[in-house]
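Put together the whole structure using the sequences plus the hints.
Residue numbers are given in the working numbering: position 178 of the sequence shown equals residue 188, and the series is strictly consecutive.
Take the hints with a grain of salt, since some may be wrong.
[Said to hold, decoys possible] Cut-off 30 Å, straight-line C-alpha distance, at most; resulting in silico cross-link-like pairs (DSS-like, lysine-lysine):
hint, residue 1, residue 2
1, K109, K253
2, K87, K379
3, K37, K344
Derived by calculation from the structure, the hints in this document are not laboratory data.
All figures in this text were calculated on a predicted structure; none of them were measured in a lab.
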Amino acid sequence: MNNLSQIDVTVVGGGLAGMAAAFHLAKGGMRVLCIEAETEGRAAVGESLDWSAPELLADLGLPMNRLLNEGMATYKKHVILRLRSGAAEHYEPGEWLAKPPFNVELRTLHVDRAKLDAALRETVNAAGVTWLRDKVIRVNRLGRTVTSVVTQGGVEISSRWFVDAAGSATSLFPRLFDLPVYEFGPRKVAMWDYFPAPEPLEGTTINADCEGPFYMSWVWQIPIHPETISVGYIAAGETVGEKRKQGMSLQDIFREQLVNIAELSQLAQTSNANPPHTTSFRCRAYGKTNGPNWLVIGESAAMVDPMTSNGVTAALRHAEEASRIIVRNHDRSKLPWLPRSLYSRRVLYVANFFNSGIEKVVYDWPIRKKIGALKAGDVYTIPAWSINNIYSRIRPTGIISTFLFGMFLATLRFAMNLFYWYCSRTRRAAPACATS
Numbered sequence: 011m012n013n014l015s016q017i018d019v020t021v022v023g024g025g026l027a028g029m030a031a032a033f034h035l036a037k038g039g040m041r042v043l044c045i046e047a048e049t050e051g052r053a054a055v056g057e058s059l060d061w062s063a064p065e066l067l068a069d070l071g072l073p074m075n076r077l078l079n080e081g082m083a084t085y086k087k088h089v090i091l092r093l094r095s096g097a098a099e100h101y102e103p104g105e106w107l108a109k110p111p112f113n114v115e116l117r118t119l120h121v122d123r124a125k126l127d128a129a130l131r132e133t134v135n136a137a138g139v140t141w142l143r144d145k146v147i148r149v150n151r152l153g154r155t156v157t158s159v160v161t162q163g164g165v166e167i168s169s170r171w172f173v174d175a176a177g178s179a180t181s182l183f184p185r186l187f188d189l190p191v192y193e194f195g196p197r198k199v200a201m202w203d204y205f206p207a208p209e210p211l212e213g214t215t216i217n218a219d220c221e222g223p224f225y226m227s228w229v230w231q232i233p234i235h236p237e238t239i240s241v242g243y244i245a246a247g248e249t250v251g252e253k254r255k256q257g258m259s260l261q262d263i264f265r266e267q268l269v270n271i272a273e274l275s276q277l278a279q280t281s282n283a284n285p286p287h288t289t290s291f292r293c294r295a296y297g298k299t300n301g302p303n304w305l306v307i308g309e310s311a312a313m314v315d316p317m318t319s320n321g322v323t324a325a326l327r328h329a330e331e332a333s334r335i336i337v338r339n340h341d342r343s344k345l346p347w348l349p350r351s352l353y354s355r356r357v358l359y360v361a362n363f364f365n366s367g368i369e370k371v372v373y374d375w376p377i378r379k380k381i382g383a384l385k386a387g388d389v390y391t392i393p394a395w396s397i398n399n400i401y402s403r404i405r406p407t408g409i410i411s412t413f414l415f416g417m418f419l420a421t422l423r424f425a426m427n428l429f430y431w432y433c434s435r436t437r438r439a440a441p442a443c444a445t446s
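Structure, rendered in structure tokens:
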């Protein structure tokens with residue numbers, strides 16, 4: 011399909027969410043154009059998946075067995091939270107979840123994002139999606155209807171439907187339409203690199219610096235291959251900024267974190283001469299991420315903290331749900347208000363729950379100072395895993411299911427906020443940039 015005038019849907023962004031949406035739309039009989047400025051060499055976080063992600067990947071033609079057999083993934087059977095003191099807690103789903111009526115697959119995956127994205131791109135190409143390697147620099151609209159997008163190369167593209175999957179740094183339609191935004195926590199910095207795995211692992215390890223009244227920083231260990239481990243550091247932007255003012259390079263900051271962890275200290279001596287991969291982000295979610303002929307998905311709609319392991323699941327869910335709305339209403343002049351509005355509410359409900367929970371219970375100090383970091387991990391992990399399980403089983407789409415699901419999340423958030431208030435009312439917080 012070389013004639014761009016025959017496009018039904020324009021997907022802006024070719025990351026995980028954009029590719030998943032393009033695949034679902036093409037399989038639904040739509041003629042799809044995916045516009046992506048970068049197609050190679052893009053480093054991506056999101057290597058440790060939650061327990062809902064494998065089923066969503068299977069729907070894209072990437073079942074768990076294929077990902078494992080072709081070296082794109084390793085098993086993730088548990089999560090280990092390890093403190094600087096040496097205390098640790100193992101989190102893994104209970105065996106009862108594998109039994110009826112839940113029937114949850116108790117294994118999930120760590121993935122090599124470069125290989126996963128390449129495999130998904132092949133699947134998308136096979137579905138007949140057209141690609142344009144360019145960057146959208148302008149969006150034309152009439153009221154709240156998008157009429158066309160214009161690329162840096164001077165190409166103007168019109169279609170009946172549009173999907174914004176441009177990513178959190180761009181959030182094209184939310185900024186264009188000045189959508190309400192909900193932000194959580196300070197801006198953070200993530201830096202990471204890849205090393206030979208010291209030993210075979212089947213779980214994600216989180217090394218947390220959180221024993222005290224400080225905003226938490228942490229180092230991840232994710233085995234993306236039996237012989238390769240992803241190691242990354244996340245901290246508040248102020249913390250990294252202070253270290254930079256002291257003359258430390260990004261490489262210096264990264265090595266300092268590895269040296270402080272016994273089993274990673276050896277890696278600090280073998281780290282690459284080049285700086286680690288680095289990105290900055292602030293967790294947020296947009297409201298009203300829909301219009302008469304457009305929907306927003308993935309990190310354009312909601313940036314979820316990496317510690318939640320929910321970013322990949324969110325991207326794939328958004329893509330599937332948004333695509334289904336467009337396919338079901340392809341013969342209409344505009345998308346019906348109700349299904350697109352319910353979609354936006356679910357995106358906001360889930361993102362706000364995960365971001366608010368991880369900030370209040372884990373990153374910030376009052377709750378974990380009151381009950382201990384390991385118990386705080388329990389307080390967050392149990393409802394978080396349960397929510398993903400519930401969502402996967404009930405698949406809320408209608409008014410009643412979306413309303414009840416939203417009320418359930420609101421109740422959990424209220425209880426969490428009340429507990430946070432109780433734990434913090436007699437204490438004073440240290441600034442985000444403080445370190446232990």
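Structure-based check of all given hints:
1. K109 - K253: violated, 50 Å
2. K87 - K379: OK: K87 and K379 at ~28 Å, within 30 Å.
3. K37 - K344: holds, 21 Å
Consistency note: the structure conflicts with earlier hint 1 alone.
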